[in-house]
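Novice: Residue numbers (my numbering), protein chains in the order written: chain S, 725 to 974; chain E, 474 to 782.
Since the hints were derived computationally from the structure, they do not count as laboratory data. Just to be clear, a hint being listed does not mean it is correct.
As the list claims (entries may be wrong) - One side of the interface only, derived from the structure: several residues of chain E facing chain S at Cβ under 8 angstroms: (1) A659; (2) L663; (3) S664.
This structure is a prediction, so every number in the text was calculated from the model and none was measured. Cβ atoms here follow ideal geometry from the backbone N, Cα and C, with glycine treated the same way.
Letter by letter, the chains look like this.
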Amino acid sequence: MVEALAVHKSFGHVDVLKGVDLVVAPGEVTCLLGPSGSGKSTLLRCLNHLERVDAGTVRIDGDLVGYRLKGEKLHELRSHEVAAQRRRVGMVFQRFNLFPHLTAAQNVMEAPVQVLRRPRGRARSDAQELLARVGLADLADRYPSQLSGGQQQRVAIARALAMDPALMLFDEPTSALDPELVGEVLDVMRGLAADGMTMVVVTHEIGFAREVGDSVVFMDGGVIVERGTPAQVLGAPRHERTRAFLAKVL
Amino acid sequence: MSSAPAAPQGDAVPSRGVPLQAVPVRHWGQWVAAAVLLVLLVLLVRAVAANEVIQWSVIGDRLFQPVILRGLVTTIWLTVASMVLGVVGGVLVAVARLSDNVLLSSLSRAYTWVFRGTPVLVQILLWFNLALFFPRLGMGSLSVSTNDLITPFGAALLALALNEAAYMAEIVRAGILAVDPGQREAAEALSMTRGLVMRRIVLPQAMRVIIPPTGNELVTLLKTTSLVAVIGAGDLLTRAQAVGATDFTRMEMLIVASLWYLVLTSIASSGQMVLERRFGRGTAPTSRRSALGRLAADLRPGRTRRATS
Chain S
725 MVEALAVHKS FGHVDVLKGV DLVVAPGEVT CLLGPSGSGK STLLRCLNHL
775 ERVDAGTVRI DGDLVGYRLK GEKLHELRSH EVAAQRRRVG MVFQRFNLFP
825 HLTAAQNVME APVQVLRRPR GRARSDAQEL LARVGLADLA DRYPSQLSGG
875 QQQRVAIARA LAMDPALMLF DEPTSALDPE LVGEVLDVMR GLAADGMTMV
925 VVTHEIGFAR EVGDSVVFMD GGVIVERGTP AQVLGAPRHE RTRAFLAKVL
Chain E
474 MSSAPAAPQG DAVPSRGVPL QAVPVRHWGQ WVAAAVLLVL LVLLVRAVAA
524 NEVIQWSVIG DRLFQPVILR GLVTTIWLTV ASMVLGVVGG VLVAVARLSD
574 NVLLSSLSRA YTWVFRGTPV LVQILLWFNL ALFFPRLGMG SLSVSTNDLI
624 TPFGAALLAL ALNEAAYMAE IVRAGILAVD PGQREAAEAL SMTRGLVMRR
674 IVLPQAMRVI IPPTGNELVT LLKTTSLVAV IGAGDLLTRA QAVGATDFTR
724 MEMLIVASLW YLVLTSIASS GQMVLERRFG RGTAPTSRRS ALGRLAADLR
774 PGRTRRATS
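So here's chain S without its partners, still in its complex pose:
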């Protein structure tokens, strides 16, 4: 499903990713862990070309993301081509990024109506169904400012699902939430994983990674330090840096 090879990315003089490989099989849940500044969020954002990679390739379902290979060189795609590629990839952000001028249902309907040209009636009933799936059926007509953080994040998940993605990216989805609201968002994500959604999750929730993750990737300083099953990486880390990190967060 996802195949990132030798991905490099730098912001100015700072090398954020120094040759990262990441492979995610269909239906697999991969959790990216690591201290802040380790490059895990940047890696995630490269997967749907919100960041352009400086070198290396990202493929989703075999298609190069954001570029076209011509001879030996990668040529960046035009913005509408990039937009079309993103249809298969949903994304959930740390700070929700719901559209504040639209209600919960309108947030969910926006892309299906505007991008996929779905009739409004059908988009509306789809939205209602998705909101029910994340447990918010009766809050469809609320504006984001009238929802709690946990509710907003669940609407954001429904909004991403509305495009019927094959892959979901989560960028620290619970980091901006009050502790008592984390559970409701993780529950929704657990449900998604159980339904077989392919997911890449940047998170600090070690418990979630252990329970739901099929594989865990630990990053530090722009490289992948260690990867494996949760039992291996979290239970018996081989690297000193992984051990030090886990000792701090557990």
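Put chain E on the given structure of chain S with help from the hints.
Specialist: This is chain E only, laid out in the frame that chain S set:
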């Protein structure tokens, strides 16, 4: 501090279940200032009203004279048309300015530089006198006399709209930049194209920032249209001055014009308030009480708590 019994230490709270009343700061100074202002205002009104040079009856008669009303319509039409063109132009110039296309953004920058950097009165005169430069516009047989194409009203409209677009561009640009970049990212991640993101997500949110200064622009523009009197474009001031010059009622006609400008700007300001509410959707409701209402509430004696509405 009502009848709290003397307590051993500091500000003790009476513990008998009596809810304490909060008494906010009282602004006695405002009362005094208001009284002084009122007296001054009365004196001023008396001085003007008692002035024998001003024929008050003339003002009443001329206020609704057909020629003045025609000028009023021209002023409204000129304002609305320049504002609409200015807003559309401003959005285009702002989007061009923020585009990745270097050519577009430089052009936009140059446009703003020129049209904001020269006085609008000069621009009005330049467009009006265009025929001196280019007697005919167009090419070969497809050309027309410049003076036929650019009437005084046309020159006024052109000058005001182009000038307004430059100011609106800066306002729109500030509005667009005020929208959280996360909004754009979220929309792009939903596979929306750049045009859609701008139209459906960014601009509607930018409106909240754009509308208040745009209301000010409209009020300013309304008054700026009076400058076109220099080219005799037939607006309110042109006509008021023409009438005043013929029968020695200059002052009276200027007051007539001022009264109408006041009416127009008041209407524009109230329209702005309606729009602000409309585009404030989804954000915390703001106090709907007017400044006057707030003042009244502050001045009310014996109030114990500011009402929140």
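Novice: The structure should be examined with respect to each hint, and the outcome stated for every one.
Specialist: Results for each hint:
{"no.": "1", "hint": "A659", "result": "4 angstroms, holds"}
{"no.": "2", "hint": "L663", "result": "4 angstroms, holds"}
{"no.": "3", "hint": "S664", "result": "4 angstroms, holds"}
Checked against the numbered hints given earlier, the structure satisfies every one of them.
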